[in-house]
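J.: With the first letter of the sequence shown counted as 1, position 107 gets the number 110 in the numbering used here; the numbers rise by one all the way through.
For the record, the hints were derived by calculation from the structure and aren't laboratory data.
Heads up, some of the hints might be wrong.
Calculated cross-link-like contacts (lysine-lysine; reagent style DSS-like; alpha-carbon spacing at most 30 Å) [said to hold, decoys possible]:
| no. | residue 1 | residue 2 |
| --- | --- | --- |
| 1 | Lys33 | Lys171 |
| 2 | Lys5 | Lys34 |
| 3 | Lys69 | Lys59 |
| 4 | Lys112 | Lys64 |
| 5 | Lys33 | Lys20 |
| 6 | Lys5 | Lys69 |
| 7 | Lys60 | Lys153 |
| 8 | Lys53 | Lys34 |
| 9 | Lys33 | Lys64 |
| 10 | Lys153 | Lys33 |
| 11 | Lys53 | Lys5 |
| 12 | Lys112 | Lys59 |
| 13 | Lys6 | Lys170 |
| 14 | Lys33 | Lys112 |
| 15 | Lys53 | Lys33 |
| 16 | Lys112 | Lys60 |
| 17 | Lys112 | Lys37 |
| 18 | Lys69 | Lys53 |
| 19 | Lys170 | Lys59 |
| 20 | Lys59 | Lys33 |
| 21 | Lys5 | Lys60 |
| 22 | Lys153 | Lys34 |
| 23 | Lys112 | Lys20 |
| 24 | Lys60 | Lys20 |
| 25 | Lys171 | Lys53 |
| 26 | Lys5 | Lys28 |
| 27 | Lys28 | Lys6 |
| 28 | Lys34 | Lys59 |
| 29 | Lys53 | Lys64 |
| 30 | Lys37 | Lys6 |
| 31 | Lys5 | Lys170 |
| 32 | Lys64 | Lys153 |
| 33 | Lys7 | Lys34 |
| 34 | Lys69 | Lys37 |
| 35 | Lys53 | Lys112 |
| 36 | Lys69 | Lys112 |
| 37 | Lys153 | Lys59 |
| 38 | Lys6 | Lys59 |
| 39 | Lys112 | Lys171 |
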Amino acid sequence: MKKKNVTYVIPCLNEEKTLPLVLEKLVRLKKELKQYNVEILVSDNGSEDKSVSIAKKYGAKVVHCKERGYGAALNFGITNASGEIVLFADADDTYDFLESPALLAEMEKGAEFVIGSRLDGSIHKGAMPFLHRYLGTPVINWIINLLYSKKGNRVKDANSGFRCFLKKNIWNGRLKVPEWNSLPRCL
């Protein structure tokens with residue numbers, strides 16, 4: 004059976020403190036996910052610290068995004084991803100890449116787009132402001148599900164920055180990820 008290509012995209016701007024932890028996890032995953040060809044791609048947004056050299060030290064492919072902003076770095080990284088499956092999360096370890104096999108398992112079941120949820124299970128204290136966890140995100144989820152979701156395909160965390168998708172079906176060059184505060188618009 005032919006291995007699928009998966010690219011982990013990490014937008015990055017001056018993340019030298021947390022990037023090693025994230026990349027250590029991804030290098031470990033790369034060894035464990037034998038059923039995939041894994042590419043680790045850091046989309047650097049003009050870092051002035053050691054982020055780029057750290058990424059290279061861990062064997063990540065580094066692309067340099069000249070346009071500033073989280074959305075620009077993410078778009079550039081996704082555009083340069085070679086994988087048919089793209090998975091992205093932040094370089095600050097907000098989302099644990101070690102949880103990504105659960106997203107990939109949903110892709111194997113036929114999903115085209117999977118969002119990791121911070122609202123299922125436990126959440127680290129302080130990881131999400133009280134009003135976001137109990138009011139903002141649930142209301143946004145409810146509206147999206149009311150308007151767009153099919154039975155069984157419910158959005159549980161529209162604001163999550165931990166996402167996985169089939170590049171050919173979702174990323175057509177026209178869809179662009181907006182800046183960090185408006186990820187729900189991607190849905």
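J.: Among all the numbered hints in the text so far, which are the ones the structure does not match?
T.: Hint check: 6, 7, 10, 11, 12, 16, 22, 23, 25, 32, 34, 35, 36 and 37 fail, others pass.
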